[in-house]
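First residue of the sequence shown? That's 903 in this note's numbering, and the numbers climb one at a time after it.
Since no wrong hints were added, every one of them can be taken at face value.
Ranges between beta-carbon positions, derived for each pair:
no.	residue 1	residue 2	range
1	E1002	P956	46 to 56 Å
2	W1008	R1145	34 to 44 Å
3	H1073	E1144	19 to 29 Å
4	Q1009	G1098	15 to 25 Å
5	D1136	A1069	23 to 33 Å
6	G1032	S954	28 to 38 Å
7	E1130	G1106	20 to 30 Å
8	D972	P1076	16 to 26 Å
9	R984	G1106	37 to 47 Å
For the record, the hints were derived by calculation from the structure and aren't laboratory data.
Just so it is clear, the structure is predicted and the values come from calculations on it, not from any experiment.
Don't be surprised by glycine CBs; every beta carbon is placed ideally from N, CA and C.
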Amino acid sequence: MDLGLAGRACIVTGGSRGFGYAVAERLVAERAGVLLIGRGREELDAAIDRLSSPLVACLAIDVTEPTAADQIVSACRGRFGRLDVLVNNAGGSAVTPMEELTDADWQSQLDQHVLAPMRLMRAAAPVMAGAGWGRIVNVTSSSGKRPSSMNPAYGVAKSAELALSRAFAEHWAPRGVLVNAVAPGPAATELWTGRGGMGEQLAGREGSTIEAVVERLGRQLPLGRVAEAGEIADVVAFLCSERCSTVVGAAWSADGGAVRTIV
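Could you build all of it, start to finish, from the sequences and the hints given here?
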C-alpha cells in the first residue's frame, strides 16, 4: 500500500537506533525525506550510512534543551523546504525503585517524555497547519497505560505524554494536523537488549541475563514474544501517512497484548 508520503519531510527524534531508526527506514522506503535527531553524531552518521539514501539528513542535538525544538524545526525546513511529519521517539528509562528515585530522576523523565515532545509539537504544529496538512506521532509506552512500581517515574511521564498527545490532537485537528500516539511494550531494541538498558538492569536485580529477561517478558504476553522494531515502525508509518485520515487523538497499543484493556 502506498502511504502517500513521497516528497514529505519528516523529523524523527531518537533516530539513530531502535524504534526511531526503524521508523526512518520505513519512511525513506516511502520516499519521504527524513531528518534524524540524536545526541551522538557518530551514531547518527552510522545510521545515515546504513540507510544509504540522499533523502536522509541528521542533526546532533539534545531534545531536552529548551531551544532544541526551534532549531530542529528550522533545520528540517532548511534541508527540505517544508515540514510535514514529526515522530517524537527520543527518551530512555531506568529501573529504579520508588524509594531510590530523586527529584532529579523524576525531572529527567519529565524532561525527556513530556517537555521535549511538547516543545517540538508546539514548534512544528503551526508550520504544518500553515500548509493545511501534518502528522505527529508520539511513541509512548505500555507503561503509560499501566504504570508500575518497576519504573514509576518513566510510567508517570509516559502517562503524561499520552495526555499531552490527546490535548494537542483536539487543538490541531481542525487545521489538518493529526496527532496520535503509539504505545509499544517490551521490544527487541537497544532500550531492552542494549548495554545499560532495561533488560540489563532487570537482569542485574534478578541475577539473570538480558536474554532470559527478554524471553520471560515475551512469554508473559498473549502474543508470546516481544516485538521487533520494524513491527512498531509499521504502525507509526501508517499514522504518519495520508491513509491515516480519520484517526485523531488515539493511543494505539502495539504491545503484544500487554495492557489488557479495551481502549
